[in-house]
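Student: Those sequence lines, one after another, are chains P and R. Quick note, the first sequence lines up with residues 76 to 429 if you use our numbering. Quick note, the second sequence lines up with residues 76 to 429 if you use our numbering.
Just so you know, the hints here were simulated from the structure itself, not pulled from any lab data. Where hints are given, some of them may not hold.
Put simply, identical chains are the same to the list, so a pair is met inside one copy or across any two.
Said to hold, decoys possible - When the alpha-carbon atoms are kept at most 27 Å apart in a straight line, the in silico DSS-like pairs for lysine-lysine are as follows:
1. K301 with K155
2. K89 with K275
3. K301 with K114
4. K155 with K89
5. K309 with K114
6. K296 with K107
7. K275 with K383
8. K207 with K114
9. K114 with K236
10. K114 with K235
11. K345 with K309
Each chain is listed here by its residues.
2 protein chains.
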Amino acid sequence: MGDNKENKKNKKTKLTDVASLGEFGLIDRLTKNISLRHKETLMGVGDDAAVIDHGTHVGIVTKDLLVEGVHFDMVYTPLKHLGYKAIVVNLSDVYAMNGEPQQAFVGLAASRRYSLEALEELYAGMLLACEKYNVDLAGGDTTTSAAGLFLSISVVGRAKKEQITYRSGARANDLLFVSGDLGAAYCGQLVLQREKQAYKANPDLQPDISKYAYVIERQLKPEARKDIMEMLRKAGVQPTAMIDISDGLASEILHICKRSGTGATIYEEKIPVDRRMAQTAHEFNIDPTTCALSGGEDYELLFAINQKDYEKIKDLAGIHAIGHITGAGQGANMVTSSGQVVELVAQGWDSFKK
Amino acid sequence: MGDNKENKKNKKTKLTDVASLGEFGLIDRLTKNISLRHKETLMGVGDDAAVIDHGTHVGIVTKDLLVEGVHFDMVYTPLKHLGYKAIVVNLSDVYAMNGEPQQAFVGLAASRRYSLEALEELYAGMLLACEKYNVDLAGGDTTTSAAGLFLSISVVGRAKKEQITYRSGARANDLLFVSGDLGAAYCGQLVLQREKQAYKANPDLQPDISKYAYVIERQLKPEARKDIMEMLRKAGVQPTAMIDISDGLASEILHICKRSGTGATIYEEKIPVDRRMAQTAHEFNIDPTTCALSGGEDYELLFAINQKDYEKIKDLAGIHAIGHITGAGQGANMVTSSGQVVELVAQGWDSFKK
Chain P
76 MGDNKENKKN
86 KKTKLTDVAS
96 LGEFGLIDRL
106 TKNISLRHKE
116 TLMGVGDDAA
126 VIDHGTHVGI
136 VTKDLLVEGV
146 HFDMVYTPLK
156 HLGYKAIVVN
166 LSDVYAMNGE
176 PQQAFVGLAA
186 SRRYSLEALE
196 ELYAGMLLAC
206 EKYNVDLAGG
216 DTTTSAAGLF
226 LSISVVGRAK
236 KEQITYRSGA
246 RANDLLFVSG
256 DLGAAYCGQL
266 VLQREKQAYK
276 ANPDLQPDIS
286 KYAYVIERQL
296 KPEARKDIME
306 MLRKAGVQPT
316 AMIDISDGLA
326 SEILHICKRS
336 GTGATIYEEK
346 IPVDRRMAQT
356 AHEFNIDPTT
366 CALSGGEDYE
376 LLFAINQKDY
386 EKIKDLAGIH
396 AIGHITGAGQ
406 GANMVTSSGQ
416 VVELVAQGWD
426 SFKK
Chain R
76 MGDNKENKKN
86 KKTKLTDVAS
96 LGEFGLIDRL
106 TKNISLRHKE
116 TLMGVGDDAA
126 VIDHGTHVGI
136 VTKDLLVEGV
146 HFDMVYTPLK
156 HLGYKAIVVN
166 LSDVYAMNGE
176 PQQAFVGLAA
186 SRRYSLEALE
196 ELYAGMLLAC
206 EKYNVDLAGG
216 DTTTSAAGLF
226 LSISVVGRAK
236 KEQITYRSGA
246 RANDLLFVSG
256 DLGAAYCGQL
266 VLQREKQAYK
276 ANPDLQPDIS
286 KYAYVIERQL
296 KPEARKDIME
306 MLRKAGVQPT
316 AMIDISDGLA
326 SEILHICKRS
336 GTGATIYEEK
346 IPVDRRMAQT
356 AHEFNIDPTT
366 CALSGGEDYE
376 LLFAINQKDY
386 EKIKDLAGIH
396 AIGHITGAGQ
406 GANMVTSSGQ
416 VVELVAQGWD
426 SFKK
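With the rest of the complex left out, here is chain P (with noise of 0.2 Å):
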């Protein structure tokens, strides 16, 4: 044994690289010993938000990095744009607790090349929507980096202690529905990549990139969908569980089913997809059902609703029902247009596979 450790210790380890794991892989390791101390933490890592206990309500707290170079690229994303998408992203996670965002936190670290003018641009986008979102801006922290732009934003929010909506309540014979439509972000972002490599080659083109507003503004200005919230509550609709839509559909399937102890069956036919999406995603020969499916940053909601509920909602606009919640032995299916059933596999974003 004596030897064994020498021997350890004179070896060089060898280390494991992050990307044999991928981000959840990664984030299951770096959490399993995390052992939770206060009654007050409802939730901790595993959801959409963190959950804690201030009695008759309880409050929402998010966490969102957004990196240069990973989850933005500064050719062609607008700094306002940016700004705006990253208090989004954290709103949706809040909406997708059910709940009301209230503060939001700021961390920025920027190079010294981001002048005052462009951080007064983030700002502006991220003042935006806040007002939009009736949300305010708390508090944060504003720093140097060596090289390229950090944000890391914090939401908090809160709801009825009765209203809280986790991924893991999900039953079998619930009802899987989603908001808007999916996979336009993907193909968004497809067309800036394509425009970028198209403006090194030769600067001087001026593309006509018109014909892809829809697509390039759901990549670049994504909404969260407190509508969709405000509607299920009117309608005396509580969710079972809901998740939004930041991976991918398969991938927050996967994820509802895994919390729930569930599988899910959902069909092809009925993903929401837009003709404008479809048309981008054949220009660039890719199936809209896989940008769907794997794109991700749609920030749509999906959610499980028990079919006693189904009448409530059933003429409601801008959801639908794309399949429903299963034992857990069934796995999780969709049935393809040609009526094939196939796996759902995560192979959303995942920025440590890149």
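Chain P is already provided as a structure; the job is to place chain R on it using the hints.
Tutor: Chain R in isolation, oriented as in the chain P frame:
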């Protein structure tokens, strides 16, 4: 007017280097358009942390960034220490509000240079701090960066509403106290930077840094003064204003004066300095008082108390009366050991001015 507008548009706009503003100037500019909408947001930008109304209690939210190459140097910063410090500096902000930290949220962006084992070390340090200070690591976001390591920590705490202590409550004739001793963290950094240069010049050199153990530990592994907050509470004393010393004593005194609308007078001979810090400072030909006033990163508490409370705490260990609050017109001054009166200037650590 039309012409001016055109001119303005056609001329390349002159951009402002943020270095010309400094950290506080930049924050003032970026946050000047913020207005608060929620009555629950009791304190936004402008104190150690934001404060949110929950009825009988308040929630406290901090955010602090640690950026590789700006706040730490991987050549001499053990990752476990870095994780520990990243949590502690946020806890310090909660204690400075006279609150109890409860949940920590970790935003982590690391380049591919960081192995799983390296990130596990970092997490081990964060979890150690969470355990020691009885805080739940309750969420976060983990992603890659193009280069370097970025840590963005938020801590959520709570306090009874009547206990919360802002920077703004100091009144003329209050007494000013600091905990612990000041300037050592800065001296620790001086030693580490010198050793790094020596190592670069001759990697075979094995320097004996044991005589600097105290100042190095103050730099690499600071503690938050939970004990001081508890001691004051036990003594039945609530500070009228409090702040933690992250940027240096002078800068923090000016913060209290600005927010409280007061002046202050402190006495050089009363500033607590450790013998080991003073020795190191002399070795570097720096006045120990300068280290205490401008060094920063000590994470001690600076607080004001009403004179009527003096009897209750005058015999407590670990805190030191250094002066008193004066009227606004009198400015913030230090009486030197030789009897001169000098104005306090914020020359604290400012990443934007490097």
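Student: It remains to establish, for every hint, whether it holds in the given structure.
Tutor: Against the structure, the hints:
For the homomeric pair K301 and K155, the shortest alpha-carbon distance inside one copy (21 Å) is at most 27 Å, but the shortest distance between copies (40 Å) is not. Taking the shortest alpha-carbon separations for K89 and K275, only the inter-copy value of 26 Å comes in at or below 27 Å, while the best intra-copy value is 40 Å. Taking the shortest Cα distances, K301 and K114 sit within 27 Å of each other only across copies (20 Å), while inside one copy they are farther apart (29 Å). For the homomeric pair K155 and K89, the shortest alpha-carbon distance between copies (19 Å) is at most 27 Å, but the shortest distance inside one copy (44 Å) is not.
Proximity of K309 to K114 under the C-alpha cut-off of 27 Å is restricted to the inter-copy arrangement: shortest distance 24 Å between copies versus 32 Å within a copy. With identical chains, the CA atoms of K296 and K107 are at most 27 Å apart between copies only, with a shortest distance of 24 Å across copies and 35 Å within one. Neither within a single protomer nor between protomers do K275 and K383 lie at most 27 Å apart by alpha-carbon distance, with minima of 56 Å and 71 Å respectively. In this assembly of identical chains, the alpha carbons of K207 and K114 lie at most 27 Å apart only when taken from different copies (17 Å versus 34 Å within one copy).
In the homo-oligomer, the alpha carbons of K114 and K236 lie at most 27 Å apart both inside one protomer (14 Å) and across protomers (20 Å), since each shortest distance falls under that limit. Proximity of K114 and K235 under a CA criterion of 27 Å is satisfied in both settings, with 17 Å inside one chain copy and 17 Å between copies. Taking CA atoms no more than 27 Å apart as the test, K345 paired with K309 passes inside one copy only; the shortest distance there is 25 Å, against 63 Å between copies.
Going through the hint list in order, the structure does not satisfy hint 7, though it satisfies all others.
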